[in-house]
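Peer 1: Protein chains in written order, with our numbering: chain A, 25 to 139; chain B, 14 to 126.
Keep in mind that the hints were calculated from the coordinates and are not lab data. Source: prediction; values computed, not measured. Check the hints yourself; a few may be wrong.
Using 30 Å as the maximum straight-line C-alpha spacing, the simulated DSSO-like pairs for lysine-lysine come out as follows [unchecked claim]:
1. A:K41 <-> A:K62
2. A:K68 <-> B:K29
3. B:K113 <-> B:K29
4. A:K41 <-> B:K83
Label pairs and their computed distance ranges (CB to CB) [unchecked claim]:
5. B:T73 <-> A:K62: 27 to 35 Å
6. A:S46 <-> B:Y77: 19 to 27 Å
7. A:T120 <-> B:G98: 42 to 50 Å
8. A:T137 <-> B:D39: 34 to 42 Å
All C-beta atoms, glycine included, are put in the ideal place defined by N, C-alpha and C.
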Amino acid sequence: DAMVIQNPRYQVTQFGKPVTLSCSQTLNHNVMYWYQQKSSQAPKLLFHYYDKDFNNEADTPDNFQSRRPNTSFCFLDIRSPGLGDAAMYLCATSRTSSDRGREQYFGPGTRLTVT
Amino acid sequence: AQKITQTQPGMFVQEKEAVTLDCTYDTSDPSYGLFWYKQPSSGEMIFLIYQGSYDQQNATEGRYSLNFQKARKSANLVISASQLGDSAMYFCATNGGYQKVTFGIGTKLQVIP
């Protein structure tokens, strides 16, 4: 089945230690997104790739970076995680030609703990 | 800019009853879509239903229907015949602009046996 896969599902990292979260998709969608979702809050868009074009949200901290080496993969790098970065990180994809507009398909998320 | 307002932080419904989750939106885009997602405690976001701003009829997907009132800028989700497995967070969202989707803060639905 076509899907969005996120690894790992749970990640524990130490304060200040760089961490990378990964996302892959078999949907061949041209747009990929990274969201941060803290407890009891709405998902907050960090950035997205439209094909190879990177689009950063204005309020996304510099501590967060992303890479998309090919259509299928996208990575979220947190250079120096702080306690406030503990959250669920959701990857999503969409296809701009979809009849449903920009319906997004989400992965299962990676829950990040910072100790 | 887009904004979604969900004014019900929590809702209870008896099993097999219908429930309406409220959503109002604000967008400057002439063409937009409205979505509802379900997020169980496990964390994944599950797409439920979509309504395009120019769709003439309200969207339906199985037990889910979207009560779209464009003039009022509302897009309420109706779940019929609630099941225990419907207990989850429900997010209303809208798209617009350049691939951006904006989510509301969600409504926590609990289905009571």
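Peer 1: Now look at each hint and say whether the structure bears it out.
Peer 2: Taking the hints in turn, this is what the structure says about them:
{"no.": "1", "hint": "A:K41 <-> A:K62", "verdict": "holds (20 Å)"}
{"no.": "2", "hint": "A:K68 <-> B:K29", "verdict": "violated (33 Å)"}
{"no.": "3", "hint": "B:K113 <-> B:K29", "verdict": "violated (36 Å)"}
{"no.": "4", "hint": "A:K41 <-> B:K83", "verdict": "violated (48 Å)"}
{"no.": "5", "hint": "B:T73 <-> A:K62: 27 to 35 Å", "verdict": "holds (33 Å)"}
{"no.": "6", "hint": "A:S46 <-> B:Y77: 19 to 27 Å", "verdict": "violated (32 Å)"}
{"no.": "7", "hint": "A:T120 <-> B:G98: 42 to 50 Å", "verdict": "violated (33 Å)"}
{"no.": "8", "hint": "A:T137 <-> B:D39: 34 to 42 Å", "verdict": "holds (36 Å)"}
Of the numbered hints listed earlier, those contradicted by the structure are 2, 3, 4, 6, 7.
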